[in-house]
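K.L.:
Protein chains in written order, with this note's numbering: chain D, 1 to 421; chain V, 1 to 479.
You may find that some hints are simply not true.
[Stated by the list, open to error] Straight-line alpha carbon distances no greater than 20 Å define the calculated SDA-like cross-link-like pairs of lysine to any residue that follow:
id : chain 1 : residue 1 : chain 2 : residue 2
1  : D       : Lys66     : D       : Arg416
2  : V       : Lys253    : V       : Gly267
3  : V       : Lys155    : D       : Arg236
4  : V       : Lys347    : D       : Gly93
5  : V       : Lys347    : D       : Glu91
6  : V       : Lys347    : D       : Asp89
7  : V       : Lys155    : D       : His152
8  : V       : Lys240    : D       : Gly93
9  : V       : Lys155    : D       : Tyr204
10 : V       : Lys155    : D       : Gly148
11 : V       : Lys155    : D       : Pro207
12 : V       : Lys155    : D       : Pro234
13 : V       : Lys240    : D       : Ala109
14 : V       : Lys155    : D       : Pro205
15 : V       : Lys155    : V       : Trp319
16 : V       : Lys155    : D       : Arg118
17 : V       : Lys240    : D       : Pro207
18 : V       : Lys155    : D       : Gly93
19 : V       : Lys240    : D       : Arg118
20 : V       : Lys240    : D       : Arg113
Derived from the structure by calculation, the hints contain no laboratory data.
Bear in mind that the values here come from a model prediction, so they are computed numbers and not experimental data.
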Amino acid sequence: MSTAKADLRSALEARFGDALALETWSGPGGRSLPLAAPIGDEAWSELLRFARAERVRVLPVGLGSKLELGLVDQVELLASTRSDTDVIDYEPGDGTLTARAGARLGRLAQHIRVGGHRLTPTVPEPERTTLGGALAAGQDGFDRLRYGPIRHQLLGLRMALADGTIVKSGGKLVKNVTGYDVHRLLAGSLGTLAVIVEASLRLYPLPETHVLVRASSGSTNDALTTSRALLALPIRPVAVVARNTGGSGWTIEVVLEGRDDVVTWELARVREVLPVCTTEGGRHDLGAPHLRAMSALERRSGSWPPLTIRTRPSRLADALVIVEGACLAASLRPEIATHPGLALAWVWFGDELPAELGLRLDRELRADGHALRWRGPQRPPGGQDPLRPDVPAPARRTMFNLERALDPDGVFPGLRLDDAP
Amino acid sequence: MDTKLVAALRAVVGERGLIDDPTRLLPYESDGLAMLAVRPPLVLLPRTTAEVARCMQLLAEYGVSIVARGAGTGLAGGATPVADGVVLSTARMRDVLEVNVEDRFARVQAGVVNVDLSGLCQAHGLAYAPDPSSQMACTIGGNVANNSGGPHCFKYGATTRHILGLVIVTHDGEILDLSEPVVDPDGYDLVGLFVGSEGTFGVATEVTVRLVPAAPVVEVQLAIFADLDAACDSVSEIIKQRLEPSALEILDKLTIEAVEDSVFAAGYPREAEAVLLIEVEGVETEVNGIAREIRTILEARGALEIRTARDATQRKKLWAGRKGAFGAMGRIAPDLYVADAVVPRTKLRDLVRRTIEICRERDLRLANVFHAGDGNLHPNICYDRRDPDEVRRVLAAGHAILEACVEAGGALTGEHGVGLEKLAEMELLFTADDLAAMCRVREAWDPERRLNPGKLLPMHACLEIRTAALPPAPTSLDT
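Bound-form chain D, shown alone:
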């Protein structure tokens, strides 16, 4: 072990002085790690060159709200973009925004509002979500149905490679096919390939108005059937969500936004499917309590859903039958929220998920062809590993090659791409 690794904090202080604003991160089980917060390309380069030379493994993070996937267990140092927050360029006439990776999405949304733009994703805690963190995690917002995933909003980025080199991919233009889309590779890569230090996003017009429509539904089947009817309408909803509400059945929520006249027209169509419903709305403001509640859907009581299911829209009902059947047999009533149009479901099990139930769900859902992601401590032992892509071996091999190509010395933690337990 190198001297620096043995007393990393002292080595960092000796090498960088106060420039890294060193703090200590404390995690579960009493684990603590030094956390550095470089500002600017040069500081990122220096830190990564140091880490490579001293064989210190680094996990790039934003504010550290998505560390439950387990990558933190592989590293000795956290490097946060939290202090690197500048807006580099907002061009209202072009509908694009470039900012440093530590900029909070909430602040960016406010910044571009004056120019009549909105950005996506609309995430659960925009003031606590960094641009780089959202990109690295491939984070969705509740508005994905209309605007698409975050990787589709990414026009280009600057990244710090493991050897400290700063490189760019893409640009600031809404259309551009020059060179490889390495930026697409970085989106969702969880900080295992490079550090995103700056990114450019496509923006959308700030809607004149919005409305949230809410209706009750009886069974899971009713809720999904109604959702399908809503999705078949000639409208462009921001979200169609169906979620169970404990003992009182299901709730369906539809969010519409856009021009006043169009939202009015779309609302009339929605009412044809949901004749008994309530509405809330007005001028588009993400601070409105009902929209905040919608955007917070994925994060209940400060926790991400322990189980995410991805499947085809036509197969969502099958997946939920498996979940509800297995939970019923175990006398457990899970909370479920779904985006039927995206064929995405989140499941919360309460305080405790018996390991055998978790394993049964894992086994049955995968056997039925659905993709799963477990997060946090409720992942059953032996359940699908969120860091081991559930893809054919040749695809894992290509991923392995990409990891080694961009980070040959293993400065960053990696996905589990071999078949070792």
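Given chain D, work out where chain V should sit, using these hints.
P.N.:
Same frame as chain D, now just chain V:
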């Protein structure tokens, strides 16, 4: 080419799937960039993924380079053969494997023609959004390789936003099946990275595409201008006002004349200096509202006349002129150099003017027809390739145009790709470190660089990268 290899390949693809007769090789000498032509020794036309994989295995054993080709409509030399390399064409891979109306996707072989897929979707009230001007001939696999665009990408985005999955054959003949259409990739986004890789990562043999609901109401406006600047400014203003039409296309006077003299005649007024085609789609209320606001902008910017078409036949006619513009230019000169660059949409007028100046300085005839809404310029230089001096001036103009666009914050290509054409200009936009990183990504897919060698990345950029070999993958990965 080794006779044993040729015999083995013939055994895989059959007589109809292999061309080595020099006269039949002629059409494969170039893609749409005809000034760069190389006669390939062999063309393969496999029918299935398994045949592609077997061919690639054999070619790997013999160390032969491979240039994948769709319909050969590319305009940047991406499908130009390489000396001693094989052309692998997907032209016989034309099966539609699945159209899933409920889940809104289709799975097709790579050689399916873009317009055929669009036609098939129409019957189900769905649409495949990317619509390159060459859509009558270009293939979905070619669209994937180039991340192709088209007029409607202004609203719907380029090809990459519409690809849900792929089956890829790698450099050594291994099959990567990433075809399941789930909303997010598990692990790294290999599909997203592959789209636009111009045949340098592998050969896509099957493509899963996203389908979108067809718009209930579509209106096309044709705005006629006495001034090209005013047409450009109208587009910038529409963007600035955050209006959302589905397409914004400009044609200049020379293009209008060529179109009106051709079978694509669309009734564009010959006296106009420019026309702006605008398509608005959605529900009735939406179309009415957006079209009204756009009309106000057009009038304020001095449009001489605004024609409107909602009837499908009339719309098709207005679009026919735009879609047929490149073909119509054959009336001006025997050859056409279609440049492709992107600029910030706030600088549209300045850069269009600059392209005109650049061509005027070199005594070249320029016809501008472009995806104005995306800032994607297509300065089309009409020339005769039999005149070496004119060819030299054309290439110099192309370079100067790209330089000007990059200087203004733009990029080298919006939809045609880099291919061979823009290799030198890559260094205008990217640093040596940027290019080295791309080379490393390329080598992760194709360590021997046998797939479309010499395209997309300047060769010396790749030669400069670290020479140490990648560590071998763990053996347990083979399971």
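K.L.:
So, for every hint listed, does it hold in this structure?
P.N.:
Against the structure, the hints come out as follows:
In summary, the hint linking Lys66(D) to Arg416(D) is supported, as the alpha carbons are separated by about 18 Å, within the 20 Å threshold. The straight-line distance between the Cα atoms of Lys253(V) and Gly267(V) is roughly 13 Å, inside the 20 Å bound, and the hint therefore holds. Distance hint between Lys155(V) and Arg236(D) is fulfilled; the C-alpha atoms sit about 13 Å from each other, no more than 20 Å. Between the alpha carbons of Lys347(V) and Gly93(D) the distance comes to roughly 10 Å, so the proposed pair stays at or under 20 Å and holds.
The suggested pairing of Lys347(V) with Glu91(D) holds, with an alpha-carbon distance near 12 Å, which does not exceed 20 Å. With a C-alpha separation of about 16 Å, the suggested pairing of Lys347(V) with Asp89(D) holds against the 20 Å cut-off. For a cut-off of 20 Å, the pair hint linking Lys155(V) to His152(D) stands: about 13 Å separates their Cα positions. At roughly 5 Å between alpha-carbon atoms, Lys240(V) and Gly93(D) fall within 20 Å of each other, so this suggested pair holds.
Distance restraint check for Lys155(V) and Tyr204(D): the Cα-Cα separation of roughly 11 Å lies within the 20 Å cut-off, and the hinted pair is therefore satisfied. Of the pairs offered as hints, the one joining Lys155(V) and Gly148(D) holds, with about 13 Å between alpha carbons and a cut-off of 20 Å not exceeded. Between Lys155(V) and Pro207(D), the direct Cα distance comes to roughly 16 Å. Compliance with the 20 Å bound is thereby established for this hinted pair. With a CA separation close to 17 Å, the supplied pair Lys155(V) and Pro234(D) stays within the 20 Å bound.
Restraint check for Lys240(V) and Ala109(D): the C-alpha separation of about 18 Å stays at or below 20 Å, so the hint holds. Proposed proximity of Lys155(V) and Pro205(D) is supported: the alpha carbons are some 13 Å apart, at most 20 Å. A threshold of 20 Å between alpha carbons decides the hint, and for Lys155(V) with Trp319(V) the separation of about 17 Å falls inside it, so the pair holds. For the suggested pair Lys155(V) and Arg118(D), the alpha carbons sit about 16 Å apart, so the restraint of at most 20 Å is met.
Proposed proximity of Lys240(V) and Pro207(D) is supported: the alpha carbons are some 15 Å apart, at most 20 Å. For the hint linking Lys155(V) to Gly93(D), the alpha-carbon distance of about 16 Å falls within 20 Å, and the restraint holds. Of the pairs offered as hints, the one joining Lys240(V) and Arg118(D) holds, with about 14 Å between alpha carbons and a cut-off of 20 Å not exceeded. Simply put, Lys240(V) and Arg113(D) have alpha-carbon atoms about 14 Å apart, close enough for the 20 Å limit, and the pair holds.
Checked against the numbered hints above, the structure violates none of them.
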